[in-house]
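Whenever a hint applies, use it, and build me the whole structure from the sequences.
Same order as they appear, the protein sequences are chains A and B. Under the numbering used here, the first residue of the first sequence carries the number 1, and numbering increases by one thereafter. Under the numbering used here, the first residue of the second sequence carries the number 441, and numbering increases by one thereafter.
Simulated from the structure, these hints should not be mistaken for lab results. It is possible that part of the hints are untrue.
To be verified - Listed below are the simulated DSSO-like cross-link pairs for lysine-lysine, each with C-alpha atoms no more than 30 Å apart in a straight line:
(1) A:Lys361 x B:Lys486
(2) B:Lys481 x A:Lys68
(3) B:Lys466 x A:Lys68
(4) B:Lys447 x B:Lys486
(5) A:Lys387 x B:Lys466
(6) A:Lys393 x A:Lys352
To be verified - Have a look at the derived ranges for each label pair, beta carbon to beta carbon:
(7) B:Val509 x A:Tyr156: 26 to 34 Å
(8) A:Glu366 x B:Lys457: 47 to 55 Å
(9) A:Ala137 x B:Lys457: 29 to 37 Å
We put the beta carbon where it would ideally sit given N, CA and C, even for glycine.
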Amino acid sequence: MVEFRHKTPLIDQLETGPWTSFVSDIKREHESRMENPKGIDFQFNQDCCDDLLGVLELSYEHGRTHWKHGGIVGVFGYGGGVIGRYCDQPEMFPGVAHFHTMRVNQPMGHFYSTKYLEQIMDLWERRGSGLTNMHGATGDIIFLGTSTPQLEEVFYELTHNIKQDLGGSGSNLRTPSDCMGQSMCEFACYDTQEICYQLTMEYQDELHRPAFPYKFKFKFDGCPNCCVASIARSDISFIGTWRDDIRIDQEAVKAYVGGELKPNAGAHAGRDWGPFDIQKEVIGLCPTQCMSWDGSKLEINTPECTRCMHCINVMPRALRIGLDTGCSLLLGAKSPILDGAQMATLVVPFIKVEPPYDEIKETVIEPIWDWWMEEGKNRERLGELIKRQGMQKVLEVTGFKAIPQMIQEPRSNPYVFWKEDEVPGGFKRDINEFRKYHQR
Amino acid sequence: MDEEAAKKLIVETLQKKKGKSKFYLKDFYKMLPDEKPRTVKNLVNKMVGEETLEYWSSGSTTLIGLKGVGKQAGAEDEED
Ligand code: HEM
Ligand code: HEM
Ligand code: SF4
Ligand code: SF4
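This is the structure we're talking about:
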């Protein structure tokens, strides 16, 4: 039996719920480290997991954290990827006195081979706590807990043996992340993995050498289903879309109506919801009311369709995304550090997503960065700068034209104003000409 | 301004700051108002590479200071 030095009655309660608990996971890792069946030559405190449970228990007792926030950043030449974490009760919990986090750039779409997972775990059990967070909210692999001297060692092995880089942290470009896209999903309107990888490679300097006012995130969703929630979580959100017709297979539509095909690919099979009602479940739920069904033919009025994905999700065998595909770009989502949470705003309704992505880089990413680096205050996210200086400024900086789809309804968000040089004849009028038509 | 003079100015400006050891990149822009932000950024990176300066991070925000000066760990809001 492996001993636990700290009694942890409060956090033990977390193990009594219906789900697996991180407390159990940490205990298991402690047991495994102490028994050490693989004979690992530990370079970081073997008993760190025990002290980690101890410091957490103390925090529950006190209702306050015992971690200090921040520190010098680890590896040479990088300003991100390592987050210094120090315990403020090092005598009581020496195993976690230094317990730095490392962020590792995850493979695109989170595709792993078993060999790769074994390699990173071998490395992390030897040179760190053995505890990971798969994955952090940004999407990277998070290595939880090691000492300062181990940072360079981990970095060396990661880059030389596993061919893997650190991710972003601090005021820089954060590790870009994406959905699995065309590798597995028929809804993907562009190759999310390719652009995510290429932009990660292109913007290495922005990722590793912090020069922004604050964090900046790219996320790539292959379609409006938004599996990585880019619309809520990224400063530039790439959402796949198309601009031609949804492809309709009328025979398959009839098969759904007739019950031969299960709606939503059978996802609601857990309960009997009665026969599929296309009128109620598809036509009636179309947010733009652009669909019609006369009992034998389904029609979609494409100019009105906002590509919400609803009808396609319900009847994937009958309806498919169009063929002229690309993405929409939305700016400025963030969580509520200042001001409250904010969803992204549509700025580019449609842009082609084709390597080497010059149009996206040159007309969106780089002008936006130049503006934000110049005008953004310390710790101001892009979304906050947009609120402060106005959406019109964003259009000016990027050169995109205001279009009706950018606003929810007329006169509720009036950021679109005419400027003098956009109006034929300017704002000055010829008073004599005016008086010919209008009395005083 | 030539590079050596700019580096010297940065170091001297930082040494003069009392009671504060870590700064935003924007503070460095102000030290060299005639240079483009990108030039200043590259110079700061270079000085980190040469180990004159070092990065400090809370995890979400990055600050920069003279290497070894001030606290190495602690809350970003409680400078000294
Ligand atoms: C020439 C023969 C075969 C071809 C061309 C073929 C092709 C494919 C393709 C294209 C997929 C989709 C992969 C994806 O999800 O992206 C797939 C999935 C699959 N195939 Fe095959 N397959 C073949 C034989 C077999 C055989 C013999 C079996 C089983 C005995 C099998 C079992 C599966 C299973 C279980 C999946 C689903 C895997 C997943 O979703 O990850 N396949 N196959
Ligand atoms: C106790 C036995 C098994 C357990 C606990 C198990 C568990 C799982 C789990 C957790 C997944 C992943 C599902 C996901 O994608 O979220 C999976 C997928 C799969 N399993 Fe098993 N499995 C077992 C036995 C088998 C056997 C005996 C076979 C084949 C003869 C099999 C074939 C597959 C296939 C083809 C998939 C991929 C399905 C898909 O994603 O389309 N499994 N299994
Ligand atoms: S966002 Fe769309 S394309 Fe990407 S995995 Fe989800 S459904 Fe598929
Ligand atoms: S994608 Fe959405 S808006 Fe377009 S037709 Fe289908 S339900 Fe209607």
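Status of the hints after comparison with the structure:
1. Only pairs whose Cα atoms come within 30 Å are accepted, and A:Lys361 paired with B:Lys486 is accepted, the gap being roughly 26 Å.
2. Between B:Lys481 and A:Lys68 the alpha-carbon distance is near 28 Å, which keeps this suggested pair within the 30 Å criterion.
3. As the CA atoms of B:Lys466 and A:Lys68 are separated by approximately 25 Å, the hinted pair is consistent with the 30 Å bound.
4. Restraint check: the Cα-Cα separation between B:Lys447 and B:Lys486 comes to about 10 Å, which is no more than 30 Å; the hinted pair holds.
5. The suggested pairing of A:Lys387 with B:Lys466 holds, with an alpha-carbon distance near 21 Å, which does not exceed 30 Å.
6. For the hint pairing A:Lys393 with A:Lys352, the CA-to-CA distance comes to about 24 Å; that is within 30 Å, so the pair holds.
7. For the pair B:Val509 and A:Tyr156, the beta carbons lie near 27 Å from each other, so the given range of 26 to 34 Å is met.
8. Evaluation of the 47 to 55 Å hint for A:Glu366 and B:Lys457 yields a failure: the beta carbon distance comes to about 33 Å.
9. In this structure the supplied range 29 to 37 Å holds for A:Ala137 paired with B:Lys457, their Cβ-Cβ distance being about 35 Å.
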